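Undergrad: Please assemble the complex out of the two chains, which come individually in their own frames, going by the hints.
Respectively, the protein sequence lines represent chains A and B. Add 1 to a position in the first sequence, counting from 1, and you land on the number used in the numbering used here. Under the numbering used here, the second sequence has 164 at position 180, and the numbering climbs by one with no breaks.
Simulated from the structure, these hints should not be mistaken for laboratory data. Treat the hints with caution; some may be incorrect.
[Stated by the list, open to error] Okay, the calculated beta carbon distance ranges per label pair:
1. B:P37 with A:D163: 22 to 32 Å
2. B:P169 with A:Q358: 36 to 46 Å
3. B:L21 with A:P231: 29 to 39 Å
4. B:W165 with A:V8: 55 to 65 Å
5. B:L21 with A:K37: 50 to 60 Å
Please read all numbers here as calculations on a predicted model, not as lab measurements. Each residue gets a CB set at the ideal place from its N, CA and C atoms; glycine is no exception.
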Amino acid sequence: MTSQDRVPMVQLLNPEGEYGVPSAYAEYGKYIEALKEEDFLKFYRDMARMRRFDYEATALQRQGQLGLWIPAIGQEAAQIGSGYAVGHNDHIFPSYREHGVAITHGIDLMSILKMLRGVNHGGWNPDETRFHLYAIVLATQTLHATGYAMGVKFDGKVGNGDLENDLAVITYIGDGATAEGEASESFLFAATNKVPLVYFIQNNQYAISSPVATQTTVPLFQRGAGFGVPGIRIDGNDVLASYAVTKKHMDDAREGAGPHLIEALTYRMGAHTSSDDPTKYRSKEEEEYWKARDPLSRLEKFLRRQGINQSFFDECEAAGEELSAYVRSETFALGNPPIENMFKHVYSEAHPLIEEQLAWLEGYEASFENAPEQGGVA
Amino acid sequence: MSNTVEMSIAKAINAGLRRAMQDNDKVLVFGQDVAQLGGVFRVTEGILDEFGPTRIFNSPIAEAGIVGTAIGLAMRGYSSVAEIQFEGFIFPAFNQITTQLAKIQNRSEGFLSMPVVIRVPYGGGIGAVEHHSESPEAYFAHTPGLRVISPSTPNDAYWMIQQAVASKDPVLFFEPKRRYWQKGPVNLDGPPAGMHTAKVVREGTQLTIATYGPMVTTSLEAAAMAAEEGTSIEVIDMRSMAPIDFNTIIESVKKTGHLVVVAEANVNVSVASEVAARVAELAFYHLEAPVIRVGGFDVPYPAAKLEEKFLPDADRILEAVDRSLAY
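For reference, chain B alone in the conformation it holds in the complex (with noise of 0.2 Å):
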């Protein structure tokens, strides 16, 4: 642990994206005031002064465009890392990231590449007005072409952007906002694994949950809860929604034989379902209860006053740890 730094996950994106930067003049930052302002929540703050205007700089209101010239500028050869300031507002792009960006590589037959990434807060519990508290990688997720991540600790997002920057596969990388201020060790000395590793963060014997963003934290709080009543609960960061670690939910599940998915996003065809499916075709005889889901219910992202209500917490995944144990 010698090179090791306690930060944010808000900063450790910030380090990360400046070791990129650092590392490839290609690499490009821009979006809604992310230049002087540092973005609204500082995540590119002082990159301005230290890459000046030509490499971060801000975009007019309109993700199309920021997408679409995201687009343009990786045919130049361009590495773009552009910010969505809210996931509610990556609607307006969302043509060019399905009908393009996803496409493009297999549209040119490989001539061209597309290292973009899509760096988007998400996520809710922050008691904000409509559109700034949501979860919307299932649409992503859903997209061949497009590859979707998300850290939950201030390492993984150190290292995880800069994977995403690496990749020549466009990326969206959510970042789970409440979560942002959340402190942590960073190891500067190499990566802990791939970006589409899913990590056992607490092992257990009895019951299984994955998980990812903003929800890994909850579930950590949940199994530790669950241990002072005596049940052992292995908890997964997933850290990739697309594409999904199978394999190692699957060993987990052979050794407990039971899964909880938990997630903020509304649980009706989203991530959570997938794992919830390929669980069931894989290890169909190790289990010994359905797969649960727990995530937030099948209504829009409410109100800020009901939004503890919508999204689950540890009691919400401990009823659903009861419900599973009981078969």
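Chain A on its own, in the form it takes in the complex (with noise of 0.2 Å):
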């Protein structure tokens, strides 16, 4: 499509399904050689339940349940590929579009309708799941996610050979993202501090409607190695690299081998928003492109050649629908947030601004509770 295309990038499993391991890239074999039969079926199971809730989340985003929906669907091989890879104690530091990610790692689904409803700004507990709150502003979470790699330095968790104490951290942007002057500084201060810390650029192809053209100049796997941080290609539609080259560079890191970049090259099949209409700034040529490289449909194609048949395609439609369902019915459960909420939390420690406002606010509402009704003849 572009000349970025033709750089050479690690692909395990082709289009038409077929797994191989090129020997330029022999070292990621070892990690699909470990899975087991469970684990491919793991991956496409819940390939195709991210697949399915994007559907269900754009249909509430239509019928008005949803101020705004945000589409990963194309970019599920990036995400449950790499999401698998991230080990027990590691922690990840999303932008805002790794609905796949947070299903690896356990988020109830609803936190994040939750807050794209505009029930609350996120509310999950990053210290629990690992699984940090969504960053709107782009870039700002890979200096999160650099400073938390800098403490688990202090800490003494990188390096020791011991997987149930040592830890990595994993920061997810977008191609767009990279134009941030954050995350600049981030390479700079990951690369610095030698920090154990995995850069996951999912590269959409666009940034809204500007695609990666007008970010960079070079292919993004480079863009961190004028800071230190070395850079990897792959297939972003090929789960079994997403999985492979990330387990490998997340193990290297917890092994003290400092940050590393992985630029997955993918296609945001649908919109960047509720709010866009990609036929303004891209072709159905394009399109249908990248139809023929769509990563659930590469990986049924791979299961089924493994001998994998239908009765377990027609459990993952199953589970669908009851995801859906699920969905649907806690959505419209929702009520609105209590008043109280946009006063919580803004410090942990008193202030007397907010307690002034709460209280003011309360007395305010209470006043219309015993007010005559309006608008009648006297």
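TA: Take a look at the structure:
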């Protein structure tokens, strides 16, 4: 498609669903060989789940149940593969489209829908889930991930060869966000402090309407090199490459190798958000090109080659129905938050303005409770 | 006064930081040139020798990175004291401070706290080049989720820095750089008050001056000059610009009926403006004159040869005092 597409990339599963490890990428093969059939099925199950969730959320937005939806269709392999490569102690700093990564770490998907409905700004516990809150201001999370990884290093939790206690950090950013100065500052701090951090760039080709060429003239996997963060490009629509390459670099980071960057070449098959209209800036031909590289059907082809029979895919379909029903009913059941919520947790410690303004608003609201009906004729 | 030592504001901040670092081994100090050099104002001098490079270290010259990593460290359980070398260089970090640091506690519904102190030398009067003399506190005082304080004496510097470090909320700690070398007693036995409590630093009956940071000294000079002419001025060191301790100011205004608010910052939409608005709201019937603000003009901070004309001095304060009392 573009000159950038001719840069070599790690691909272990081709668009026809054929598995093979090119000799140049032999080091990644062992991570796939260690997987069992159940792992491949889990990848498919969650990629299908992620896509189904996306369809349902899109429908809910169109029905006015969500204020906004941020689709991730087409990025299932990048997210589910890398998500499962993250270890049980590791911490994840997402951007705002990482619904699939959330699935791999047990986040209740309603937490995401609550936010997009406007009930809150996040509110899950990052310490418990290790999946940090969505960052809407682009690239801000890369510095939080770097600081967190600095803390991990200060705690001596790197390079002990102790997988139970050592940990690494992964942060997700998009191709557009790499243009933010804070991404560059993050590369610099990560390199100079040699922290256990992996950058996972999902290059989905567009930042809203701006193609990736607006953000860079060099392939993004090279973006960190000048700062001391080496990088590698993978086929982001290949779940096995996504898993194996992320797993290797998270393991390396945990063992003290310092930061690394992965550019996953993928495609945002849907719109930027439900407010966007991709027909204004990209062609049908381009969409068809990427449709032929759909990560979900690619994995399906692979599994069928492996002899997985139809009943498994039927089960996934049924699970999707169940997920849709759950998401719908839970969304319809969400009430509006109580007014005091906006005053909560602005500060950890007491604050006179907050207390005064909450008291005023409560009094104001209460003043309507016993008020006579308006609008009657005297 | 058994345990009182004389020291400068710079040394008092240094001593307070050391004590905070002794009390809690999760306290880290970082920023540009803070380690071997001890910062361009030597406020962190000697801390490297006492605590070593795991507790105090130099950061790259990247302010967003300094604050952004402080946020990440807070998520990992560390309490950072990040230095911004001069107030004019805080703006590359403005995004991290206002969209992240200030909001993460709220975004996480209290699962995360943000014990981050940002130390900022601020204010003019040192004959510096552009971007080294400004007073940008209003930007931060305007932002929900932040706390903004400024000490004016060594004793307050010593205790308020410790209180800021102990706070679970983010604190912008504005240091009056032209007063760094001003000496005074520091009582090591206990803090004078909470870091958000205003303090009457000179009692008087006819007019109240509310001020903070570097202008406390100037306001006290003005009050002393006024006293020679028989005018009794009460001076309040606000100490905190967010939240503002309005009660102390209101109590004083109820007694004097006149208020002048003094700060170096340009007056338009400033902390002083907020004091004026709230006092008009809460003590309207006690006021015998409009609240008058004395501060910098609404121009970019001028070149050094003009800063004397830009900054309020005792005479400018007394001109406002006369105007208020003439009502």
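Undergrad: Cβ-Cβ distance between W165 (chain B) and V8 (chain A): within 55 to 65 Å?
TA: holds, 58 Å
Undergrad: State, for the Cβ atoms of P37 (chain B) and D163 (chain A), whether the hinted interval 22 to 32 Å holds or is violated.
TA: holds, 25 Å
Undergrad: Mind checking the hinted window 50 to 60 Å against the Cβ distance between L21 (chain B) and K37 (chain A)?
TA: holds, 57 Å
Undergrad: Looking only at beta-carbon atoms, does the pair P169 (chain B), Q358 (chain A) fall within the given range of 36 to 46 Å?
TA: Distance hint for P169 (chain B), Q358 (chain A) holds at roughly 39 Å.
Undergrad: 29 to 39 Å was suggested as the range; check whether the CB atoms of L21 (chain B) and P231 (chain A) agree with it.
TA: holds, 32 Å
No hint from the list above goes unmet by this structure.
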